[in-house]
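Peer 1: Once you've looked at the hints, go ahead and assemble the two chains, each given alone in its own frame, into the complex.
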Amino acid sequence: MTLELQAFLLVWGTLVGLDLVSVPQMMIARPIVAGSVAGAILGDLATGLQLGVLFELFQYDVMPMGAVRYPEYGPATVAAVSTAHAAAGTLGLGLGALVGLVTGMLGGMSMSVVRRATARAVQAVAGRLEAGDAHLLVRLHVTAIARDALRAAAVTTAGLGLAQVVRVYFAGTLPLRGVTLLGVAAVAAAIAAATAGTLRVVGRGANLGWFVAGIAGGTVLAWLR
Amino acid sequence: MTSAPRPPLGRSLLRLFTVQGSWNYERLQGIGVGVAEEPLLRDLQAAGNGAAYRAAVARGAHFFNAHPYLCGLAVGAAARAEHEGATPNQVERLRSALCGPLGSLGDRLVWAGWLPVTSGLALIGVALGLGMGAILGFLVVYNVGHVALRWWALRAGWAHGVRVAAALHQPFLQRAAAWSGPAMALVVGAALPLSTGYLAAGFTGWARGLLFGAAAAGCALLWWGRGRLTGLRYGLALLAVAALAGWVWR
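So the protein lines, in turn, are chains A and B. All residue numbers for the first sequence refer to the numbering used here, where the first residue is 1 and numbers rise by one. All residue numbers for the second sequence refer to the numbering used here, where the first residue is 1 and numbers rise by one.
In short, the hints are calculated from the structure, not lab data. One should not assume that every hint holds.
Computed far set for chain B versus chain A, every beta-carbon distance over 12 Å [what the hints assert, rightly or not]:
(1) 84
(2) 89
(3) 93
(4) 152
(5) 159
(6) 160
(7) 165
(8) 168
(9) 172
(10) 233
With the Cβ distance kept under 7 Å, some of the chain A side facing chain B (calculated, not the full set) [said to hold, decoys possible]:
(11) 128
(12) 132
(13) 182
None of these values were measured; they are calculated from a predicted model. From the three backbone atoms N, C-alpha and C, an ideal C-beta is built for every residue, glycine too.
Bound conformation, chain B alone (with noise of 0.2 Å):
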């Protein structure tokens, strides 16, 4: 066993910053969470065991797949799992058991909640007449959030290596998932009718009542055709119908 007295948390977190990029369908995010996860392990290669960091390195950058923000939790156990000596195989089940509820919390937590939840604020904000200060506001308070769960993760992964499923039991985690679905649908429900009146102020009689017609239709359709109709294709077959009519139309 080694200790590991002083980690470079700092520079693994900076890298974490970038572990989406080498994304690929080979490992998906793989090599970033080995890229991350490195500085980690130099204790081992110091400590004269440079048999033991080859083989930690190249496990670190093996097939994983989670939320970015919550990689960390990964990295941090499984850095410490190496450190406490912990056999190959109980580190690879560690990084696979973790993929699944790592990437489920982190969607709930941040693409379903968080995300929605400031940028619909940011949206009503600008309706609202708030301009660039609604910008800001969002950048800021978004990566509050983003920044202090990604140091989180990391520290919290390197403080329970193999026993980190209890971290993913603190209340705080609990508390926000709960709270974020119903946060997300009255933030995102509210945005819309005010983004609506922000686009459409320029539109007057018959535009405003097509566009009514055209939206609800939109959204049934999307609503009964998901999986084969995106917003992107009814928006292109949209605008394609809509210029047309608008030559004929003259």
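Bound conformation, chain A alone (with noise of 0.2 Å):
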């Protein structure tokens, strides 16, 4: 892969991991979108898909509410797909999953720490934004959303590397049984993550007839594909 490439997903994965929370939350940080973008990218929409399916599977296991603290699948997503573009088919899923998951941890432990920093920062103002000083409030906003930009930045050049080293040093060297083990586990993880997830916002009541019914609906439309 170029450094052209590298430097492009370097930064849509900096804009994904921005979007997530900062700027402007239009969702171009769920998997879904930064996996396939990634992808078209690097000339593989297929693998980007794939690795957007699987990871956007994930996130129903994760409720961004409030202070919970939770990973972050975007940067990772863009990462699992550098990890598994070239490895045909099925062959990238289980090497892009693990990146992905790991990258993801690194980025929901970057978000307390900047959110820690940014705490600091306001306290280290907090009498002259108690006068009502206009200009020091935004001027802390706006350094809030740039040290978020190099925390987005900081994750994604990690997944990336990551990606490098496991392609390098690890794609050649799994069995062929042992690159299937991995991918039948990264599906079967997310499958889990996504049921269970979805399962704790429906809960028992009503929703949950909704929900034996789309499945009975999305099985029968997928025995007929």
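Peer 2: The following block contains the structure:
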């Protein structure tokens, strides 16, 4: 993979990381978007869509409410697509998932670090904020956004670096059965995460019936195809 | 009392798109809300009341936490209250009172409704072979609802001021909240088997059996172990086991 492509992926991953919480929350941070665009950048849309769907399922396990700490799957999906690129079909799924899940965990931890840093910055100027200094308020806000952009860039860089290591040192050494097992594990975990996460939101009330009806309808449609 | 003939709602709306940019453990969304409210308070300064402007800016940046798409309701309402000469206490009480309802309504409408419904439809579209069209469709449809909700919230807040609770009883909000749960359950339910079929297309024989077994076991573990076990942890653990088994079973 050329340095130019890596740079494009880094820019995309940074935008995706910014979108998750800071600006503008238009959901390019959703794995299905982040992954497919990363795939398009690499000229490998099929892999992008596949990893996008995989991590979108993991995303259903997450409810981004308040101060809850959660994994960041946007830049993670970009790194996963970079890992899986050039591995044919399902072969890239497992290794991509491995890199993506580790990057997602890093992303979640990095958000905590940035939020604490912003809290310290707010505390440092609390007196002037209480005096109603509007310029300071805006500067504080813009600086915090820049901090989050740096965080997103760092997470994407780490993910792409990990992807490079896995591609170079591990991809060719795994036996076929091992690669298949990794792929099976990735898809099974994603399905489990999405099902359990959705069930937690659906609960045991009337919506459970709608969920079962959806599964039945989707199963029939999948079978008919 | 100061009149506010043409409030710069557009500028405030643009800033609302960054409302969580300075999210922190001290004031949560407070700084972002203050930044979004500031353009609506400039009239106070222009009217020669600099002290009132500065006090209102400081209040606007206090602790706040709600759903980001509905923060505009609090921004508009608080700014309107400042213009109408509400006391600092009234403004603070208004902001505090809005946190809970705006948080729970937004979570129900967006995080547990509109977002999973539209992303679930995108998953179905990809599984049915629509490719990039499904992704573009998701972005357009989702953001039509997203931007409309932000704009409505800001306008409603500004229109109602301290009586903003009335805006939360709009019939369309009640209907949307009532439909969001069933719609989400139906669409995500349908997306799950289709996505499974799409991802598992390359697996055959024993691999498929193993996949369904591990998925069922994982679902049970995640359901019973909720709060302790997450999808990410289960995924990493399963991948580690698979890698080990792959090395042993050559």
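Peer 1: Does residue 93 of chain B clear chain A by more than 12 Å, comparing its Cβ with all Cβ atoms of that chain?
Peer 2: 19 Å, holds
Peer 1: If we take the beta carbon of residue 160 of chain B, is the closest beta carbon in chain A still more than 12 Å away?
Peer 2: 24 Å, holds
Peer 1: Far enough from chain A: is every CB of that chain over 12 Å from the CB of residue 159 of chain B?
Peer 2: 24 Å, holds
Peer 1: Identify whether the interface hint at residue 132 of chain A stands, where standing means a beta carbon of chain B within less than 7 Å of its own.
Peer 2: Hint on residue 132 of chain A: holds, closest Cβ of chain B at ~3 Å, below 7 Å.
Peer 1: Quick one: work out the minimum CB distance from residue 172 of chain B to chain A and report holds if it exceeds 12 Å, violated otherwise.
Peer 2: 21 Å, holds
Peer 1: With a cut-off of 7 Å, does the beta carbon of residue 182 of chain A approach a beta carbon of chain B closely enough for the hint to hold?
Peer 2: With a closest approach of 5 Å, the residue 182 of chain A hint holds.
Peer 1: Decide, holds or violated, for the assertion that all CB atoms of chain A are farther than 12 Å from the CB of residue 168 of chain B.
Peer 2: 19 Å, holds
Peer 1: Would the least Cβ to Cβ distance between residue 89 of chain B and chain A come out above 12 Å?
Peer 2: Given that every Cβ of chain A is farther than 12 Å from that of residue 89 of chain B, nearest at about 16 Å, it holds.
Peer 1: For the hint on residue 128 of chain A, just tell me whether its beta-carbon gets within less than 7 Å of chain B.
Peer 2: 9 Å, violated
Peer 1: Once the closest CB in chain A is found, is it more than 12 Å from residue 84 of chain B?
Peer 2: 19 Å, holds
Peer 1: Please check whether the beta-carbon of residue 165 of chain B is more than 12 Å away from every beta-carbon in chain A.
Peer 2: 22 Å, holds
Peer 1: At 12 Å, judged by beta carbons, does residue 233 of chain B keep clear of chain A as stated?
Peer 2: With a cut-off of 12 Å, residue 233 of chain B comes too close to chain A, as the shortest Cβ separation is near 9 Å.
In summary, the structure is inconsistent with hints 10, 11 from the numbered list given earlier, while agreeing with the others.
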